[in-house]
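Enquirer: In case you want the letters, here they are:
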Amino acid sequence: MNRIAIRGLCLFALLASVAIRIQANGAREAMTAEFDAGAAVAAVVRDHGYQLRENPVKPPMVLSVVVYFQRPECARASLVLPYFINAEIAPLLSRVTDPGFDRHFYYMDGVWDEQSRVSMFLQWAKYAVLDIVGASPYLPVKKALVLADPKDCHPAVAIDWRPVWDKARYRNAANGGSAGAGHTGS
Amino acid sequence: MVAVAGIGRRELLLWIVACLLVNQALLLVGVGSYDAFAASLLTQNYIYWLACYAVVYRLYLGDREIRAGRLDCAFALAVCFLIVLSGFLPYRFGIGLLATLVAFYLLILNGGDRNLKAAGAVLLAVSAQLVWGPIFFQLFTPELLRADAGLVGTFLMALRPDIIWEGTSFFAPDGHAVSLIAGCSSFNNVSAAVLACVAVAMLRRTEWVPGDIATIAIACVAMILINSARICLFAWSLAFYDYWHDGEGAQILGVSQTLIVLAIAWWGAGPSRRGS
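Residue numbers (this note's numbering), protein chains in the order written: chain A, 384 to 569; chain B, 0 to 275.
No lab work stands behind these hints, which were simulated from the structure alone.
Keep in mind that this is a model prediction, so the values were computed, not measured.
Don't take each hint at face value.
[Stated by the list, open to error] DEER-style ranges, computed between Cβ atoms:
1) B:Gly253 - A:Glu456: 45 to 53 Å
2) B:Pro172 - A:Pro482: 18 to 26 Å
3) A:Val540 - B:Val220: 49 to 57 Å
4) B:Phe103 - A:Phe467: 29 to 37 Å
[Said to hold, decoys possible] Covered, in the sense of this in silico footprint (three residues per stretch, anywhere, with C-beta under 8 Å from a C-beta of chain B), are these stretches of chain A:
5) 408-422
6) 462-474
7) 496-507
Glycine included, each C-beta is placed from N, C-alpha and C at the ideal position.
Starting from the given sequences, assemble the full structure and let the hints guide the process.
Expert: Pasting the structure below:
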């Protein structure tokens with residue numbers, strides 16, 4: 384094979400990969416920028432008719448991201464802590480909950496009773512790959528949620544947390560729709 | 000290997016590595032604006048870039064006379080195609096996996112060229128930093144954090160017995176509390192130490208010596224101790240936390256760690272230790 388042709392092919396591969404990657408990186412950055420886990424959680428809580436409670440911890444403290452809300456059937460407030468899926472969240476969670484709190488971990492369409500780091504990573508990989516061909520219903524961001532309900536609190540209604548990552552919700556918000564999960568304050 | 004192309008093997012491999020490194024750079028450097036670019040330069044891992052330089056340097060010194068064979072051309076074509084495809088996946092692991100593939104190609108099919116083998120070793124360490132290290136950390140986060148907390152807790156019990164140590168959290172009497180959740184793990188520093196030792200050793204020579212294991216061990220221990228001291232400072236008080244975690248202290252610690260690990264790597268790769 385001709386030397387010039389091989390160099391041309393290599394140069395083409397370099398330029399094509401750079402162009403595609405810049406475009407993909409831009410789309411990913413835009414997606415990450417519009418994803419606000421705290422605001423999305425607050426919107427889902429409000430959609431279920433629950434009242435938000437004020438978080439006594441303020442930014443820049445790590446625990447300022449906790450979203451508190453009150454279920455009418457419970458004596459104390461429940462809380463949701465958004466976190467990165469590679470983080471070990473137990474120490475932080477123990478600082479805002481008492482022993483006996485009922486904990487459930489949510490990430491896209493998965494629910495776990497314990498922090499399942501590997502399952503969440505695989506879940507992320509699955510939707511990140513599906514997202515390339517536009518087949519992911521969820522934003523493949525690496526943020527999961529842990530919900531902690533007080534002891535002796537038996538929620539009458541289970542909250543569906545999937546809208547937190549729902550792409551359609553963000554598309555509606557971007558188009559001026561009413562969902563606005565990415566833009567509502569908590 | 001039968002030469003079928005008019006291009007040298009060394010040049011073909013340099014093209015592949017250039018494609019890999021440019022694509023990696025786009026994931027690590029902000030290219031959205033000049034401000035993003037400038038900001039990203041301040042937060043770069045310069046050991047990583049030194050390793051990239053070592054890969055290119057060793058490939059550049061490869062044998063210029065050998066022509067690319069059929070296998071080389073097929074491999075280059077496949078890798079270039081995969082690099083273009085990986086562009087659609089804006090995450091490090093895609094390009095990291097391809098770096099691993101190229102590293103093994105260089106390590107196994109180097110045709111006796113020591114420079115290519117050395118480039119393969121450094122590229123393997125780079126790919127470990129990009130993809131295998133994070134996966135390992137993902138699998139063993141609680142265990143690694145507990146080990147870190149054990150060391151920090153031991154130091155604090157001697158220096159500040161009033162700080163209460165519970166699992167991977169530390170509670171000062173004034174209400175200040177610190178928990179290790181991921182980013183503060185020594186594992187990140189250890190993987191950087193290994194990368195620095197491999198990069199510097201392969202910059203200065205093309206073969207491994209038994210003393211390299213000791214150098215890597217010393218660099219890792221130094222990084223673990225410095226990181227433990229750093230976490231002790233975070234736990235000491237809120238003012239210390241603000242300075243050493245979010246303020247100028249973070250940059251001072253980052254630069255100090257980089258310089259120390261590079262000094263150890265340079266010393267370990269020096270001529271005086273080659274016979275050890």
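Enquirer: If you look at each residue in the segment 496-507 of chain A, do at least three have a Cβ nearer than 8 Å to any Cβ of chain B?
Expert: It holds: at least three residues are needed, and the segment 496-507 of chain A offers 3 whose Cβ sits within less than 8 Å of chain B.
Enquirer: In this structure, is the beta-carbon distance linking A:Val540 and B:Val220 contained in 49 to 57 Å?
Expert: 54 Å, holds
Enquirer: Between B:Phe103 and A:Phe467, does the beta-carbon spacing fit 29 to 37 Å?
Expert: 31 Å, holds
Enquirer: Are three or more residues of the segment 462-474 of chain A within 8 Å, CB to CB, of chain B?
Expert: Result for this restraint: holds, n = 8.
Enquirer: Against the range 18 to 26 Å, how does the distance between the Cβ atoms of B:Pro172 and A:Pro482 compare: consistent or not?
Expert: With a Cβ separation near 22 Å, B:Pro172 and A:Pro482 satisfy 18 to 26 Å, so the hint holds.
Enquirer: Mind checking the hinted window 45 to 53 Å against the Cβ distance between B:Gly253 and A:Glu456?
Expert: 50 Å, holds
Enquirer: With a cut-off of 8 Å between beta carbons, are at least three residues of the segment 408-422 of chain A near chain B?
Expert: holds (count 5)
No hint from the list above goes unmet by this structure.
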